[in-house]
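There are 4 protein chains.
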Amino acid sequence: MPTFQIDCLLEYQVHEPTEFIFQVEASKHAWQNILHEEIVISSMSKAMSEMPAIAIKHFDRDQGVNRFARLSAPAEQLFRLHYQAHVETSIPTRPIDAEENAIHLLPSETFYYLAPSRFCESDLLERMAQRTFGHIPTGYQRVQTICDWIYAHIIYESGSSDHTTSAKDILVSRAGVCRDFAHLAIAICRALDIPARFVFGYMPFYQAMPDFHAIFEVYLGQQWVLFDATKMGPIEEFVRVGTGLDAKDVPFASFFGQAELLKIQPQIHKLEA
Amino acid sequence: MPTFQIDCLLEYQVHEPTEFIFQVEASKHAWQNILHEEIVISSMSKAMSEMPAIAIKHFDRDQGVNRFARLSAPAEQLFRLHYQAHVETSIPTRPIDAEENAIHLLPSETFYYLAPSRFCESDLLERMAQRTFGHIPTGYQRVQTICDWIYAHIIYESGSSDHTTSAKDILVSRAGVCRDFAHLAIAICRALDIPARFVFGYMPFYQAMPDFHAIFEVYLGQQWVLFDATKMGPIEEFVRVGTGLDAKDVPFASFFGQAELLKIQPQIHKLEA
Amino acid sequence: MPTFQIDCLLEYQVHEPTEFIFQVEASKHAWQNILHEEIVISSMSKAMSEMPAIAIKHFDRDQGVNRFARLSAPAEQLFRLHYQAHVETSIPTRPIDAEENAIHLLPSETFYYLAPSRFCESDLLERMAQRTFGHIPTGYQRVQTICDWIYAHIIYESGSSDHTTSAKDILVSRAGVCRDFAHLAIAICRALDIPARFVFGYMPFYQAMPDFHAIFEVYLGQQWVLFDATKMGPIEEFVRVGTGLDAKDVPFASFFGQAELLKIQPQIHKLEA
Amino acid sequence: MPTFQIDCLLEYQVHEPTEFIFQVEASKHAWQNILHEEIVISSMSKAMSEMPAIAIKHFDRDQGVNRFARLSAPAEQLFRLHYQAHVETSIPTRPIDAEENAIHLLPSETFYYLAPSRFCESDLLERMAQRTFGHIPTGYQRVQTICDWIYAHIIYESGSSDHTTSAKDILVSRAGVCRDFAHLAIAICRALDIPARFVFGYMPFYQAMPDFHAIFEVYLGQQWVLFDATKMGPIEEFVRVGTGLDAKDVPFASFFGQAELLKIQPQIHKLEA
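The listed protein sequences derive, respectively, from chains H, G, S and D. Per UniProt numbering, the first sequence starts with residue 1, numbered consecutively. Per UniProt numbering, the second sequence starts with residue 1, numbered consecutively. Per UniProt numbering, the third sequence starts with residue 1, numbered consecutively. Per UniProt numbering, the fourth sequence starts with residue 1, numbered consecutively.
Treat each hint with caution, since some may be false.
Quick list of simulated restraints, FRET-style, between CB atoms [to be verified]: (1) D/Gln207 to S/Thr145: 44 to 54 Å; (2) D/Pro92 to G/Glu157: 41 to 51 Å; (3) G/Glu157 to H/Gln13: 41 to 51 Å; (4) H/Lys231 to G/Pro92: 47 to 57 Å; (5) D/Gln144 to H/His58: 50 to 60 Å.
Covered stretches of chain G, going by a simulated chain D footprint (3 or more residues, C-beta under 8 Å) [as the list claims (entries may be wrong)]: (6) 123 to 129; (7) 136 to 148.
Worth flagging that the hints you see were computed from the coordinates, not collected in a lab. Every residue, glycine too, gets a C-beta built ideally from N, C-alpha and C.
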């Protein structure tokens with residue numbers, strides 16, 4: 001089983017007392033084993049003198065699949081979060097023969113991932129999904145076809161979308177980043193009655209600068225299967241952080257107050273066996 | 001404590017094998033006590049002969065706050081669901097002095113209800129919410145002011161919106177039904193950092209025909225408080241069925257297949273003490 | 001040159017004094033010669049007695065390319081407009097080798113038809129147009145390819161769109177009627193720097209019931225060329241009524257007041273030589 | 001009659017052969033008299049050597065109300081347009097008692113300005129307009145009330161909108177610049193059956209940096225009356241350049257090719273009597 005070292009640094013200039021909720025910690029998920037982890041908060045005053053430690057409150061949702069670190073940062077600080085972890089993963093081999101489930105055979109808990117969400121308006125894309133992918137043999141290959149279609153038709157372009165951009169918007173504008181690719185794929189899958197959800201985490205990119213990565217997973221056969229419409233890195237080297245309806249469920253950071261993101265360095269690399 | 005009798009009848013013509021998920025059962029919630037309940041499915045063939053019983057699978061989310069009845073209806077049936085219950089409720093007295101919470105004092109589990117959702121694009125309404133309600137004294141009265149504003153500015157009109165209509169749409173079109181009123185209120189509250197969620201259930205209307213009703217609740221002080229921007233009935237006589245991010249979380253019925261809703265009669269009346 | 005007989009009947013129930021502006025008369029356009037025409041207004045009171053004649057004011061735009069009949073209908077009338085005409089047309093043979101113009105060679109007056117309009121948001125579809133049609137050899141065949149793509153990807157379905165539906169909406173919803181097909185085609189053409197405009201008029205349909213028809217025309221070579229993405233009838237048997245930016249420029253009827261359309265019968269048939 | 005000196009400088013870096021259409025010249029309009037004007041194009045190569053003159057083609061629409069200067073710029077140039085003019089204006093005194101026209105009394109040519117356009121979706125804002133302004137006494141004061149409402153409810157913020165932002169968007173986002181203020185006002189007026197159109201030109205601002213300014217005019221009594229919802233300068237010192245349905249009708253510059261706007265300095269000042 002491959003092991004990954006994660007080294008994630010976030011730095012903020014805090015202008016007024018600000019509440020932060022971070023989701024940067026590796027997920028407690030069947031496919032991954034956290035060998036070691038540490039989250040360190042440090043802060044400096046304007047005069048660059050060390051400040052008293054800020055207390056972290058940890059909480060989670062979904063039995064630890066989504067883990068959060070919450071803290072109250074005082075004003076006028078240079079504030080830094082540093083998360084380090086060693087995570088062993090065991091993502092199942094790609095089940096390229098996996099079938100879609102007939103609706104009456106879907107586990108009841110997967111229905112939640114058939115409904116539309118803020119960024120995945122599957123209710124608006126039903127005809128598009130049927131017209132474009134309705135005739136394709138169902139199962140793993142159909143979801144792969146959806147990924148390929150998105151890769152061919154949507155331009156990956158930083159800055160072309162923003163934090164309010166949804167699947168419907170992307171279908172019109174034809175440009176976005178990884179979260180937009182995932183949102184569109186999810187919306188199309190749900191419109192075809194394939195349970196689909198948003199997954200974000202760490203992935204070593206082939207070429208791009210280190211950043212968080214957003215992909216998605218669908219329920220095929222009796223399992224959730226990861227897919228990535230961006231082709232930016234090896235999906236078998238993905239370390240999961242968040243799982244939800246869409247990006248608004250699992251942001252790497254939410255904050256309430258006035259603060260400025262100065263640095264974001266979510267690095268991952270595979271450790272030698 | 002008041003007690004209510006619920007009598008909910010749904011009738012469908014089913015054209016092909018169809019999977020149904022119903023959410024019509026009273027919620028298992030601290031404010032209500034289900035004294036008795038029964039859900040009966042009956043179906044007739046085209047020739048109006050009685051058909052074999054259809055098995056119901058029950059499941060829930062959120063510790064029974066949301067309860068679902070799932071079933072697979074065969075083709076060519078006249079299919080009827082009948083839910084009857086006696087429910088005793090104890091909705092707290094309206095806490096008209098309740099305060100909003102400073103962000104750093106909000107319980108961590110309420111943050112989920114600050115994020116935008118499919119029908120409540122709070123991310124898009126921030127300036128509108130600030131500009132219109134930012135200067136109003138915070139707390140219970142501010143939420144009431146939001147309700148009053150919606151009541152004054154949005155026309156209640158059956159058929160003016162559909163199942164894809166969102167808070168943003170309503171802000172433009174200025175017409176909708178109870179779920180739209182709730183969605184807009186929720187979006188505005190979240191934009192003001194007040195946790196807010198969608199609630200639907202049974203309510204005896206002052207004048208309208210019996211139907212499910214959608215309202216919302218916000219987190220004030222240390223409790224969730226129900227509000228209703230439609231003024232259609234007495235909020236203290238509300239029996240809760242579903243609680244979620246918005247209407248797509250808690251539809252009274254979802255179905256997958258070809259079927260037609262023939263009758264919907266969600267009746268409630270208060271029993272004499 | 002073929003000659004067509006047009007027989008267009010519109011009938012309204014007028015509830016309060018209502019101002020009507022009709023655009024049903026054949027266009028004064030180089031490709032058509034109006035041999036004869038007559039517009040007759042008649043109205044009945046509730047008691048079905050004949051009412052005094054209503055005066056028509058005629059006006060036009062664009063040197064008679066768009067002709068309007070305006071009138072003030074009193075309240076409580078059954079009101080009928082009847083337009084009859086014989087029109088000889090000479091639509092040029094389809095110029096299947098026509099080239100697109102390089103921007104610097106376009107006549108200045110065609111630039112007006114490169115800008116976005118209410119129902120043709122070409123500004124939002126630039127990447128979609130480039131990504132889907134950018135690589136196709138330019139000219140007549142590219143426009144035909146756009147028509148074919150629309151025909152293949154959009155479902156023609158009465159009632160699937162309404163009078164506020166735009167090209168962007170259709171690209172998402174994938175269903176519409178003739179005016180939506182035209183709007184999407186126009187938006188795509190403008191996004192590719194091909195001047196394009198909305199045309200509506202009379203066309204004998206292969207199968208559908210008589211109705212007004214909406215198509216579009218683009219500037220290729222040194223001429224405007226008609227296209228129809230719906231394939232509903234023979235484009236060489238089209239009689240033009242309106243030409244504009246999109247459907248809002250040239251509605252067959254606008255009215256201000258309370259009235260109800262009871263009957264719409266825009267018939268056309270080709271006269272034997 | 002006041003006289004104004006206009007001095008407008010635009011500078012572009014042109015990367016590839018690019019077609020420009022400029023609309024910067026004072027309008028030929030009943031309210032203004034162009035005493036003198038001159039438009040000069042100059043261009044430099046990369047090596048800053050003077051380049052051969054670029055020919056300007058002049059054309060107009062609407063009998064000179066909208067005037068355009070078109071030119072083909074070669075690649076790799078620093079390209080500069082300089083427009084200078086002396087314009088005497090005679091904007092009528094504000095007709096504060098002007099009435100709205102009953103529909104049947106409106107001149108036929110004003111109906112064109114009742115229809116929705118790309119950035120002014122009056123068709124979507126009917127209920128909002130009625131609900132918010134329907135009860136206000138009609139006429140000049142109602143239009144002024146609309147301006148005041150916009151000024152109070154929309155935040156003027158550079159960069160908060162872009163060239164695809166429409167009235168509907170602004171109603172949701174509540175922030176924009178002068179063109180957005182004008183678009184929203186126009187959409188509301190049209191929704192109330194008041195003919196309204198977009199006007200842009202030069203105005204000496206009270207505080208802001210020199211820039212083009214967008215306002216609007218509505219048809220009241222028997223005249224078009226200018227209004228400005230931004231309160232950024234004296235409306236009686238406005239010099240008109242463009243008049244149209246909305247901003248897409250009358251952009252100060254359109255270009256087709258790859259070019260970069262380096263400088264924009266549309267200055268105006270009032271000459272001493």
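Checked hints:
Hint check: D/Gln207 to S/Thr145, Cβ distance near 53 Å, so the stated range 44 to 54 Å holds. For the hinted restraint 41 to 51 Å between D/Pro92 and G/Glu157, the CB-CB distance of approximately 42 Å keeps it satisfied. The hint said 41 to 51 Å for the Cβ distance between G/Glu157 and H/Gln13, and at roughly 49 Å that hint holds. Take H/Lys231 and G/Pro92: their Cβ atoms lie about 54 Å apart, and the range 47 to 57 Å holds.
One distance hint, 50 to 60 Å for the beta-carbon pair D/Gln144 and H/His58, holds here, with the actual separation near 57 Å. Interface restraint, the region 123 to 129 of chain G with chain D: holds (4 residues with C-beta to C-beta distance below 8 Å; minimum three). Check on the region 136 to 148 of chain G: 0 of its residues sit with their Cβ under 8 Å from a Cβ of chain D, so the three-residue criterion for coverage is violated.
Comparing the model with each earlier hint shows a violation of hint 7 alone; every other hint is respected.
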